[in-house]
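All chains, full assembly: derive it from the sequences and hints.
2 protein chains.
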Amino acid sequence: MKTIDIEKRSIGVNFQEDGKAVVRVWAPSADKLDLLIVQTGEVVSLNKREFGYWQVTTDRLNAGDKYCFLIDGKIKRPDPASLSQPDGVHESSQAVSLKEFNWTDTGWTNPPLGDYIFYELHTGVFSPEGTFSGIEEKLDYLLELGITAIEIMPVAQFPGNRNWGYDGVFPFAVQNSYGGPNGLRHLINACHNKGVAVVLDVVYNHMGPEGNYFDSFGPYFTDKYNTPWGSAINVDDAWCDGVREYFIENALMWFRDFHVDALRLDAVHAIKDLSATHILREIKENVDALMKQSSRKHHLIVELDLNDHRFIDPVKNCGYGMDAQWIDEFHHALRVAAGGDTNGYYSDFDGINHLAKAYRDAYVFDGMYSPHRKKIFGSKTGNPGWQFIVFSQNHDQVGNRMLGERSSQLFSFETQKLLAGAIIVSPFLPMFFMGEEWSEPNPFLYFVSHTDPELAEAVRKGRKEEFSDFHSAGEVPDPMAEGTFLKSKLQWGLLDKPDHERMFKYYQALISLRKNNQVLKKCNRDNLEVVADPENQLLLLERWEGEHRLFCALNFSKQRRTAVIPPS
Amino acid sequence: MKTIDIEKRSIGVNFQEDGKAVVRVWAPSADKLDLLIVQTGEVVSLNKREFGYWQVTTDRLNAGDKYCFLIDGKIKRPDPASLSQPDGVHESSQAVSLKEFNWTDTGWTNPPLGDYIFYELHTGVFSPEGTFSGIEEKLDYLLELGITAIEIMPVAQFPGNRNWGYDGVFPFAVQNSYGGPNGLRHLINACHNKGVAVVLDVVYNHMGPEGNYFDSFGPYFTDKYNTPWGSAINVDDAWCDGVREYFIENALMWFRDFHVDALRLDAVHAIKDLSATHILREIKENVDALMKQSSRKHHLIVELDLNDHRFIDPVKNCGYGMDAQWIDEFHHALRVAAGGDTNGYYSDFDGINHLAKAYRDAYVFDGMYSPHRKKIFGSKTGNPGWQFIVFSQNHDQVGNRMLGERSSQLFSFETQKLLAGAIIVSPFLPMFFMGEEWSEPNPFLYFVSHTDPELAEAVRKGRKEEFSDFHSAGEVPDPMAEGTFLKSKLQWGLLDKPDHERMFKYYQALISLRKNNQVLKKCNRDNLEVVADPENQLLLLERWEGEHRLFCALNFSKQRRTAVIPPS
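The listed protein sequences derive, respectively, from chains A and B.
Counting in my numbering, the final residue of the first sequence is number 568, and the numbers go up one at a time with none missing.
Counting in my numbering, the final residue of the second sequence is number 568, and the numbers go up one at a time with none missing.
Just so you know, these hints were derived from the structure itself, not from any lab.
Remember, predicted model here, so these are calculated numbers, not experimental data.
Incorrect hints may appear among the rest.
What the hints assert, rightly or not - Reference excerpt, derived from the structure (chain B facing chain A, CB under 8 angstroms, subset only):
1. Y225
2. A276
3. D305
4. V315
5. C318
Beta carbons are placed, not taken as given, at the ideal position from N, Cα and C, and that holds for glycine.
In structure tokens:
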């Protein structure tokens, strides 16, 4: 029954060579399905096909037209595979021709993951404009900094104009207020022309609560599993194939039609799939086929809270074939070593010793008992270093704090430098969070702009409960307030101020070192020795490649320390 | 934190060499835990240990004594790891010394799985006595029939005296009305002395509803997953290690202390485990360690409705290491080929063609779309034939029919013979269901003996709903009625009646053929060709081993057919 054509999108509205629109919708719950063209009021009936699909080819719908679907002759809904929601999540969709873009990035070659130096950013608060073109304006700056890839937080259409992106409800539609699908393509084209790779964060483990009209179409969700966000996405229950195709098509679209270089799949541990073929593996197999056909390279990166190397093992070794994963544990161990918080999930980490283990073993909990999780957790991994992404800050680790403080507000200037250095000297892939390179003092707060007042209140309440582990003095900033969003904006003017400029130059030097040093440029976990000296709060790291040797002494104490090199 | 000692049971009550009882209970939910010795009224406090365990060593409790636990000084509960419940599921446990049994089976060697010819039986209805000693009386008969292994439906203590066994709530306690732990050991010892292997059906995917006191002790269940039986067993959520140890200890106990040869793990697809190490794999690793230490061989067989070979792949090939699995699909295809029901889950099967696929590929749905499941289902398997167990009847396939009819009531005498033959000539392991060898006419009905009236009513109602797919004329037999149980008893007297005797001799001859024929005695899936001729309702099977060739023509039509051998 598989109908995925790697060469083109097959769900939603797609235009043929002759200009006619092929409209194809997975709606097994519908008894009747009509396309309603908004401006003309025309209604075109779709024909029922196998496996819950409805389809029609029509010359009545043109690119740019607004449209929606009429289910059973009465329920009006936007397209679940909409490419554009010019009036937000509750209104009509807009037909887009994916072919209509003048790509000029033919000279671009996506580098291997080992060469990635990630820079995570949020479109809304990164630039003053809060748009894709705002990011484009900063590309020369990012090149000056030295990073090789930007990682854009989710851009799927969400309610209102302010959201981290994880409340998206149109996984194929690019947020209108950011610049829509063509704004994103313009940015990616520009990135490629300047030699910057683009990583897009996508959410396949849940859908946002507002504008979530999926139930009108079919069983996108299953109650087999419970998740923190309610019913789980249905990837292994009855009717799951339509849902699986929906997400596989989504991954293919970003790579094929948007020239995205890598996807970062959000919280894949929350994708509950007990079928014989895990959906991640099926995504990988389809992306492999696309790469073979296009001769372009694409990477699949996952956020994973399971310490289970099966996710990143190659398909031929019974893995799901993901290329790389985030490791939060490195972050946690590093922050505790640096004297940061020790409550909540940090309570599992003892600092120096666990940081040494993270350098050595990637997974800290690799079959050990985790007091915080209250269970034995994880497996041992021998996967190469370039399969792991490390950071001392990211949107979650900053933004999930009650007051959204960056390291700039929590650690001394010197300790901030130490944190960045610890990332750069690791045998893993480094990632930075926008603004940390100049020690941005503004917070990155949690913000939303729901239009449903009940939901807005629930989010406020949920937020208060969520960080009970991180309780500290002060009021919880209101996620709904525009001021909360505005407070989270980067202050580019600070780059001219001495201390901020000094930090920028330090980051610049670190990144340059990472790219040019014979040892650091390789993510080699094998040629590595690490000695923890918790008494002196000192960590000694030795790495080598052939004749080249590198010694790092990371001093987490507040005192001057003497380190013997090489460590005995 | 792992505390499993493969050499001896470590939870519940266990006696040391010096006669003292070591009492160890996993009760993370308790603030205080006392042992109450019923006869003397003595109270012995347990001491809190790590990871939710409580422990004490005492000389106050002797083998044979009744006891229970007092949680927080007020809630009286039997022992979750009780070995004996002489007064049923709601009353006190009884201390048992596992060392006190005079085994005489030192000469016994558990055969390889490839030599198993299974005979599934229910202790309550198999013999007139409905006990383990009743089974023992029939061992000479079973030897005469030729089977090599009996598979005993679950014997964990359940409410009342009548139950299939899947409502057990004391996985370590052997049903008192069957003969308790020593009755079972006596039977196994006798089996071994006569050369019969013993397979025990155990349930690790749910617990029964009545007498289910687990919540008083700890989080044995999790609401992460929903199952048809409510909350899932907690094998991957917080506190899961105590639960995992409980089941691992259970598997080890049957092998080590009861000399069980193989376990049949019920419905393992309902054990939801997304941790890095699946609990089945951990069971396998522990059983491997036990086998190494004891030099005895034990097999792990699973009931699996996933068509996912990962469960039966060796651990070194990223599998869970189970030795074999049931394949219901062979049964379904065979029954449809024979002109049986085509509703419910049978609707996925077209008869001859799917039966041919089952002979060839083991899994019928190996990545194909299943209309009944409404999704693509399964994976392809190259696992050897001895890893699959086939049958034309079993407790579920008979007993899950509204009227519990065996093949004897649904198929002609000749077709019954054909069904048995189809099993014997397969490259898989054959299993028979008690009484089918003489074409027992009595049904195998669903029966329970709950003492909770609300539950009894719920079971009655549930039963009516369950087989809506198999709706036919007639009243639903009352699962609670003793008559329903009695009607399900085997009629041994029939063996003397001509037709029944004829069927017995036919089964005897088939089993002898299976054991002695150079081709049939090997479960070789590679040297096999099968040709389906659906028009003539004919299936031609060719198998070979070296010079030996075997041709089988299975004629599912009602007419005489001519088959060309060898098939072209």
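Consistency of the hints with the structure:
Evaluation of the B/Y225 hint against chain A yields a held restraint, the C-beta minimum of about 6 angstroms falling below 8 angstroms. A distance limit of 8 angstroms between C-beta atoms decides the matter here; for B/A276 the minimum to chain A is near 4 angstroms, and the interface restraint holds. Annotation: B/D305 was flagged as interfacial toward chain A, and the flag is violated, the nearest CB pair being 11 angstroms apart, outside 8 angstroms. At a threshold of 8 angstroms, the smallest CB-CB gap from B/V315 to chain A is about 11 angstroms, leaving the interface hint violated.
The closest approach between the C-beta of B/C318 and any C-beta of chain A is roughly 4 angstroms, which is under the 8 angstroms cut-off, so the hint is satisfied.
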